[in-house]
Structures are given as C-alpha cells and as structure tokens.
Amino acid sequence: MDYRTYRINDSITLAHIRTDRFKNARLSVTLTVPADEELSPLNSMIIPAAFRGTRRYGSFRAFCRRSEELYAAAISDLNGRSGDCQTVGLRASMLNDGFVSSEDSAAGFSILNGVAEMMGELFFSPLYRSCDLETDKKNRIDGIRARKNNSYSFAKYRFSKLMFGKDPYGIPLNGEENQISRITSDDLWRRREEIIATAPVDVFYCGTASVDEVANVIEKHLCGFKGKSVESLPVAVIKRADKPRSFEEEGLYKQSYLLMGFRTGTVISDREYYAAELMNIILGDSSTSKLFMNLREKKSLCYFCGSSFDEIKGVMAVGCGIDGENYENARDEILLQLDEIKKGNITDAELEMAKHSVGNDCRSAEDHPEDYELFGSEARYFGGPRTIDEYRRGIMKVTKEEISEAAKRVTLDTSYLLRGTLKGGEDDFECD
Amino acid sequence: MNVIEKLTVHKSERLGECYYTVKHRSGLDVLIFPKKLSTCFAVFGTRFGSADMRFMIDGKKYRLPAGTAHFLEHKMFENADGVNSDEHFAALGAEDNAYTNYSYTRYMFSATENIGDCLAELLRFVTHPCFTEENVKKEQGIIEQEILMYRDDPYERAMDNCLGAMYSSSGVRESICGSCASIRKITPEILYRAYGAFYGLDNMVLSVCGDITPEEVLAVCDRELPESTSAAPRIKREDADEPVAAVKSRTVCRMNVSRPMFFIGVKDIPAKKGEAKLRRGLAMNILNNMLFSGTGEFYNRLLDSGLITPGFAFGYSAGDGFALNYFSGSSDDPELVFELIKEKTSEACRGLDRDDFERCRRASLAQYVRSFDSTSDIADDVMLSAYYSDSDPFLIPEMIESLTFEELSYIPSELFLPERFTLSLVLPL
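Chains H and W, in that order, give the protein sequences.
With the first letter of the first sequence counted as 1, position 186 gets the number 186 in the working numbering; the numbers rise by one all the way through.
With the first letter of the second sequence counted as 1, position 169 gets the number 1169 in the working numbering; the numbers rise by one all the way through.
Honestly, the hints are just simulated from the structure, not real lab data.
Among these hints, one or two may not hold up.
[Unchecked claim] Below, a list of computed lysine-lysine pairs in the BS3-like style, where the Cα atoms sit at most 30 Å apart:
hint	chain 1	residue 1	chain 2	residue 2
1	H	Lys343	W	Lys1138
2	H	Lys298	W	Lys1342
3	H	Lys137	W	Lys1342
[Unchecked claim] Derived Cβ-Cβ restraints for the label pairs, each shown as a range:
hint	chain 1	residue 1	chain 2	residue 2	range
4	W	Lys1342	H	Arg245	20 to 30 Å
5	W	Val1083	H	Ser101	50 to 60 Å
6	W	Glu1343	H	Ser181	25 to 35 Å
7	W	Asp1353	H	Arg56	19 to 29 Å
8	H	Ser101	W	Gln1140	55 to 65 Å
9	W	Lys1036	H	Arg245	47 to 57 Å
10	H	Ser210	W	Pro1310	34 to 44 Å
Just so it is clear, CB atoms sit at the ideal spot from N, CA and C, and this is done for glycine as well.
Chain H extracted, bound-state conformation:
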C-alpha cells in the first residue's frame, strides 16, 4: 500500500493511504501532549466529555443519531501513550463513499465529510455542561474503582506504578479518584484551549478518497489547531536496572498474577533493535515461545503466559496467571528461559519460527491499515525503520549470536506478584 505523509499546515501532518481494498475507510486525529501526573486526567476527559453535547449536537443521543445517518459510522475517543507523551483524539471507521445510495450520492452526501464535521464539533464546539460533567466524573471514578474488578488489569496497573514510579510510564492516564473529583467545567475549557493551541496533530486516513479530498475536509472541519508539528517526541530510557526489586501484594482473587519487568538496553533507533525484537518473540511472544513451551506445556504452571517488548521505552514485561504456591517455580523458570537465550541456546527452528512470525505480521499489515499508522508514527518520532519492508529486511538478517547479545543486555528491574487469597475453583462467596 502506498503510505505517504503531507504537511497540511503548521499543526497538521496527514498520513494518507489511498486504496479500494476495503469497504471501510478509517480516519483518525491524534493530538500529542506531555504525560503529566496533574494534567493527564484532564487530557483524558477532553474528548469523552465533549460527546455529551456540542453546539450542533446537543446531546450524546444526537451524536448517535448522526452516526447512524452516516451509514452506521463508528466514532470513538482515543487515549494512549507515545513515548513519554500522551495521545488523545478521535478515530472513526466508516463505509467508503462509494457505498452510499444513489439518492444520497446525487444529493452530494459524503460519509467522510459528515464524520470530519462531527470530529470538528467534538474538538472545537463542546458544551461541557456542569450536569453532564458530574455524571462523567462519577463514571470515571467508578472506572478507577473498578480497576480491581479484573485481576490481571489490576496487577498490570500496580506493576506499572511500582516499576516506573514518577516516570511518565508510571502515570495512570485516567488519573486517580481525588484528581477526577476536583475537575470543573472551567478546567476542561482551559485545558482544551491549551491543547488546541499547542499540540501537534497527526491525521491518518486510509480509504478511497484522494489526498486532495481528505485535505479539503480537514481544512473545512479540522483546521482550528494552532500547535506546531514536531520531529521527535521525548522518551527517557534507563538502559540497565540497578538492582532487582521484588513486590508482593494480596487480593481477593482465585488466581495469582506474576509480572516481571526488564530493562532491555535496546530501543527502536538502535542497530540492535531487530535482534531484541526476535529475542522477545523467542522468549514469550508466540505460541511456540520458550515460555509457552516450558512454563505452560511442560510444567503446566499456567494457562496464559507471554512477554511483550516496548521498543520505545526499551522495556520488556513478562506476565502469567498462576497458582500462588507456584510463584518461585514460575519466576525461576522465566529467568531460566531468558538465561538460555543469553547462553545462545536457540534452536534453528526457534529462530526460523520467530522470523516467519515477523514476515507474516509484515505481510498481513496490508490488511490492517492501523499497523501503518503505528509504524509511521514510530518511524517519524522515535527513529524506527522507515518502512515495513525495511523492518522485515532488518529482522531477516539477524543471527543467533546477535539475539544472544541482545539478551545479555537485559536486566531484571521489578518482580511483582498479586497473590490471590481465595482458594480452589469452587465458590467462596455464593449467596444462593
């Protein structure tokens, strides 16, 4: 697919893919702001709160009705991370305009234009009514309290806080209860204006519309942003962990979760990046990984186990759901398998399977335009490979020795066990 970027104005960069492969088009608008303990909860509410009403669409119901008229277009807010920054904005999936009825088409009806218009309303014309805000705050506080409802999510939340502390990665983007309860409509207004005045904006489009058609709807509905585009985003990287830290907490769950965080000493812009990617796949990021084959298949210690590599921050996390009594056993097995890679104990089959897996992911990216969006962003802001093909070629050249060297740079930073204190598979708290 032909992925190109264009500068629309000082604020907006458009990444555009023109293709008729899909019935659906995708449009996203991403604003990048620093992740900050005080401001991130506010940043996270700017768009969701706007869905409760804008000048043109006075209520959430009016938005839903308009989405339905736009041939069931789906528009949702986004709230994520990019390096040490927070990304907020909107994403939409909609039918390409070629699918509108002949009557609508004759009347000049365009789904893309309609979706961009709704996005413009959400960014530039929110109402932020106090009564709506109070309901939103209540729901948000409930969401924060509900972190404990899902034991694995709760374990990941606690693990991130403990491993990263005050680092932006340790900041929960949705904030904490006391922060949300203090937010007022004025706070939201002020913060929204600051963001619109300062944040660089990335627009991604994939569909049948030409770059001129997309640029036109941006200029018509989304040109109120005043921030300046940037060439890179900040990220603080710790190459090596000083001394492993170990934490254990208890929770009223049946299963326990073990999470281990490692500093890899490698980030996406490094020459060794490709070797580190393969190391992670071989260790725990596939159904034939060393962790899957040993921790699960040979030792029956868990149903779920895996590793993930954050190539921007240079950290790798391993997680598994276990019986708390098997904690030491599972932790030792994870470290043992990592040591095997450090020693160069990688079979030809493991290497080939890992490379095949990357090759498959690269080819299947053509069916997933969002992969191009992510890839483009990582290349632009963090110095990653410029194209998916460059990434694939880099991976294919990696040797076992390079993988072993990449593993040798890995140091354990934090181990965290959320120990489930409820025993057995049967019910403990049934009422009837």
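Following the hints, position chain W against chain H.
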C-alpha cells in the same frame, strides 16, 4: 464427475463478492470465499459444543463431564510424533488458534504464505486425535488455571450464573470450561468417545477466505481427507426438557468488585435450524437497537441519571437448544435498572415507533456491508450463517429488508414476559 462441477456459486451484486460451496466426497461441507487480501483465514468447525453433554448413539445413552468439548479442543493440538501443531503452523509462518462455545468448536489459522500446507495441517491435526493418560493429566493443570482466570472475571460469573438460573437441564447451565472438579473426571477414553461421536466429517465444515481458489482448497481436501464418507454414528442429542419460563428469577453472588454488576437474561424459545434462526437474530438486533441503544431515550435517561455507565451492553444470543436476550453492566442500583428494563419492554408491548424501526433497519444494512473487510470475520460469519443457520449469508440484506414493522411489533409481547426474566447480580464483598 469433477468436484469443481459440483460447486455452487453464490453472488452478491450489492457487495461485489462471491463464494462457493461444495460437499466434498469425504462428507465435509466446504465453503470458499475468494478475497484479494494478504491474509488467508481458514476455520474447521464441528457441531460439538460445551452444552453437548448428553447424547445417544444407537439408542445407548452417554454422559460427558462438564468442559469435555473445551478439553478436547485443547488436546487436539497434540500429535502422535510428540510435536505440537502450534509448532507446525509456526514453522509455516502461520498463527493458529481454537475456540469452543456452547454449540460448536472451531479450529483456525491465519497466514500470508504456505496456505496449502497450512490448510493440510489444519485438516490433518483435527482428523488425527492423540489422547494419552499423560497428556490428559498434564492439560488438567493448564485448564484449571484457565477456569480460575474466568472465575475471577465478574462479567463471566454474572453471565454463567444467569444461564445456570434460567435453564433447568440444558448444557448451557455449565460454564464452557467446566469446573476444576469436572475436568478431573475427563480421561482419554471419554475424549475418544466424544471425538468419535462428533468429529465425523459429515458433522463438520471447512470455511476458507483469502486470495485462494476453490480448486486449490479442494485439491488439499482431496489429498488429506478420505475418499468417501465413513458410516457416521447416529447421534441423537438428548433434548433438554426446558420450560419456557426461567427456572429462577434471581441469583446473587459476591466478588471483589467495586460496585454491583448485573447480567439480565430473557429466555427465548430457540428457533430450529434454518432461516427462522437467522431471521430471529436479525429482528432482535434491530429491536434491541430501537429500544436500548444510544440513539434512544431509554439509554440516555439512565446514563444521564447515573443509573448505568457507558459500559451498558445488550444483545441476543442463540445456539442449539437455547436463546436469550441479555443486558449487562454495572450500577449502584441494579434492581432499579432491572425494573426499568422490564418497564421499557412492557411499553414496547404496547407499540413501537415506526421511524425508529426504519432508522435501525437502515443502520443494520450498513453494518452488514461493513462486516466484509476481514478474512477472519468473513470465514467465520459465512460459516455461521451458511452451515449453522442453513442460510445464504448473501440473502441477509433481503431478509433485513423483508422484516416488517408489524413483525417486530409482535415480538415484545411474546418474548418480554415477566416469567422469562432472570436477574444475575455480582455484589461487592
């Protein structure tokens, strides 16, 4: 006769797509949906789900421990040579997986190269079981952890408890994975018995979507599958003697949750296999959107008053021998939400809004077109409607257009009866 000559072609002008169906000489139903995307997705499914716990073969009754279908799915990946099929797929650059639900089990892969070899591996491993005392015992530890994972999930618990309370003897009373106690009863013999009963090729279907031709798919079937249909056992599922009303109207458990969670079920009489089943699902989708979606007054009133959160969900689910409409979410006052939902459905019994109907039907048609962009969704959806509902998925738009306001208006008064409702609550400790 050349097998290609037996292909039935199904075309959709609206979508600009076509797919093929054929009964392979082995007895297997094969669906092929050529699609010019990079990823090819294939799913090999059998009509054997976790609810199939009681059945008869040649008049003899069999009982399976809860969780057998799911356990069997886990064990199918083991091969006689000791190499797991995951490794075979990985060596081919493919990703494989499997799922079990109440009514069927599905094995699948997605790949961008070596499609023929992947297809051969899929057919091979699902048709060659290898169950031993050792590998069954080993799997019990893994599945126990899976069971505990789901038992820590309050949504899963609320849903499982609701089904357990609604039904009197249907297999959907038991959770799909079974319990730690029930899976300990599973032996290689039980797995072979279940396999022999339900994994005959004439009880299965292969659905493939990707840049592939029917000839290529059928060539692999010819190589990997028997030349003729073997005499399949005559399975008779024991029909559960299910009352129309829910057995219990309420069930409660306590878990480590921040505030009450609810799962409300409304028991429906399941349509038999075929067009009626599909039509009921489409009608309920439109009706639910008319009454409970964000475009309606009800959802927004409850959201604005703080009674529900944006996580409020609703839908219609049906399988062999069961069907229900459901609502789920969290609320400080779930009993009031329950009463308001019942009140809304009573109101619907007195009449629906014709404009809402037209609007939701139009959106439903757009959703249908939007669903044809992913090879995995297509392979799965085509299989579900063509095989399990015995209906051509390309006729769905016509079916949606043929649904009338009068037809939908009749549904609330026969479905939303007080005795059909069950409220399942998960309360904080």
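Status of the hints after comparison with the structure:
1. H:Lys343 to W:Lys1138: holds (29 Å)
2. H:Lys298 to W:Lys1342: violated (51 Å)
3. H:Lys137 to W:Lys1342: holds (28 Å)
4. W:Lys1342 to H:Arg245: 20 to 30 Å: For arginine 245 of chain H against lysine 1342 of chain W, whose Cβ atoms are near 53 Å apart, the range 20 to 30 Å is violated.
5. W:Val1083 to H:Ser101: 50 to 60 Å: holds (54 Å)
6. W:Glu1343 to H:Ser181: 25 to 35 Å: holds (32 Å)
7. W:Asp1353 to H:Arg56: 19 to 29 Å: Given a distance of about 24 Å, which is inside 19 to 29 Å, the answer is holds.
8. H:Ser101 to W:Gln1140: 55 to 65 Å: holds (56 Å)
9. W:Lys1036 to H:Arg245: 47 to 57 Å: Given range 47 to 57 Å: holds, Cβ gap about 52 Å.
10. H:Ser210 to W:Pro1310: 34 to 44 Å: Holds, at about 36 Å.
In the structure shown, a violation is registered for the earlier hints numbered 2, 4, in ascending order.
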